[in-house]
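Peer 1: The number in the working numbering is simply the position in the sequence shown, starting from 1, with 147 added.
Among these hints, one or two may not hold up.
Said to hold, decoys possible - Once the Cα atoms are required to be at most 20 Å apart in a straight line, the calculated SDA-like pairs of lysine to any residue come out as: (1) Lys304 / Asn399; (2) Lys360 / Gly307; (3) Lys360 / Gln387; (4) Lys360 / Arg233; (5) Lys317 / Gln387; (6) Lys308 / Arg266; (7) Lys304 / Arg233; (8) Lys184 / Arg233; (9) Lys344 / Gln412; (10) Lys317 / Cys294; (11) Lys308 / Asn339; (12) Lys360 / Asn339; (13) Lys304 / Cys294.
No wet-lab data here; the hints were simulated from the structure.
Fair warning: this is a prediction, and the values are worked out from it, not measured in the lab.
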Amino acid sequence: MSLPTLHDLHRPLGSTGLLVSPLGLGTVKLGRDQGVKYPNGFQIPADDEARMLLRQARELGINLIDTAPAYGMSEERLGPLLRGQRQEWVIVSKVGEEFESGVSRHDFSAAHTRLSIERSLKRLETDFIDLVLVHSDGNDLHILNDCEVYQTLAQLKHEGKIRGFGFSGKTVEGGVQALEQGDCAMVTYNLNEQAEKAVIDYAAAHGKGILVKKALASGHVCLAPGMDPIRASFTLLFAQPGVASAIVGTINPLHLAHNVATAAQVIRQL
Numbered sequence: 148m149s150l151p152t153l154h155d156l157h158r159p160l161g162s163t164g165l166l167v168s169p170l171g172l173g174t175v176k177l178g179r180d181q182g183v184k185y186p187n188g189f190q191i192p193a194d195d196e197a198r199m200l201l202r203q204a205r206e207l208g209i210n211l212i213d214t215a216p217a218y219g220m221s222e223e224r225l226g227p228l229l230r231g232q233r234q235e236w237v238i239v240s241k242v243g244e245e246f247e248s249g250v251s252r253h254d255f256s257a258a259h260t261r262l263s264i265e266r267s268l269k270r271l272e273t274d275f276i277d278l279v280l281v282h283s284d285g286n287d288l289h290i291l292n293d294c295e296v297y298q299t300l301a302q303l304k305h306e307g308k309i310r311g312f313g314f315s316g317k318t319v320e321g322g323v324q325a326l327e328q329g330d331c332a333m334v335t336y337n338l339n340e341q342a343e344k345a346v347i348d349y350a351a352a353h354g355k356g357i358l359v360k361k362a363l364a365s366g367h368v369c370l371a372p373g374m375d376p377i378r379a380s381f382t383l384l385f386a387q388p389g390v391a392s393a394i395v396g397t398i399n400p401l402h403l404a405h406n407v408a409t410a411a412q413v414i415r416q417l
């Protein structure tokens with residue numbers, strides 16, 4: 148018997164015109180192993196392993212890939228790995244955070260935003276990025292109101308270099324304001340953390356897109372004995388009509404297959 152896939156479960160990402168799989172593949176582990184908050188250490192996979200993981204994701208019906216300049220070598224590796232497949236993928240990247248010599252720094256200026264997008268286009272070997280999110284440092288309202296990043300992304304969308312833009316923030320106020328002016332918000336939402344649920348509700352009411360980060364609490368989800376943490380997490384997430392897709396960052400093929408099968412079953416039962 149073949150395991151369920153996500154091919155027939157793609158859904159709209161708000162009103163962007165993009166159709167995305169309910170799970171997206173996060174690629175921080177393809178590019179960076181320093182300063183990451185996972186319970187266990189890991190080795191960055193070699194090109195052959197990464198290529199097989201991407202092929203597996205595609206065969207399982209995943210079409211959304213999540214990367215960022217702050218993910219070390221992730222964008223630079225994805226460019227060659229995805230050659231000839233551009234139409235198969237919805238690519239999400241970010242602006243605002245740089246990770247150099249083991250340290251993060253943030254820059255939300257117009258000049259840096261534009262430089263960052265041009266660099267991402269080169270690294271990813273593409274003419275456009277489907278969705279670009281602002282990588283917030285937590286000062287969401289300051290970034291939206293006092294920095295030039297959001298207006299610059301709106302201009303880059305107008306120029307056709309990106310198809311949509313949004314905000315990966317840390318507060319309800321920031322998430323809601325970002326959705327008022329942009330296309331999408333990325334929120335933390337899982338069994339342990341549900342403070343940003345109001346952003347999901349706002350998106351559902353206003354036809355905006357929501358992507359969920361840390362859907363499995365970066366591997367830290369704990370439950371009562373006998374409960375499947377993946378199933379419980381996905382049941383919580385996909386019961387929210389505002390959620391378009393949840394990003395899972397595994398590089399383990401078995402975990403990926405299990406995540407997809409569980410998500411497919413949960414969504415069909417809701």
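Peer 1: Honestly, which of those hints from before does the structure not fit?
Peer 2: Of the numbered hints, 1, 2, 4, 8, 9, 11 do not hold.
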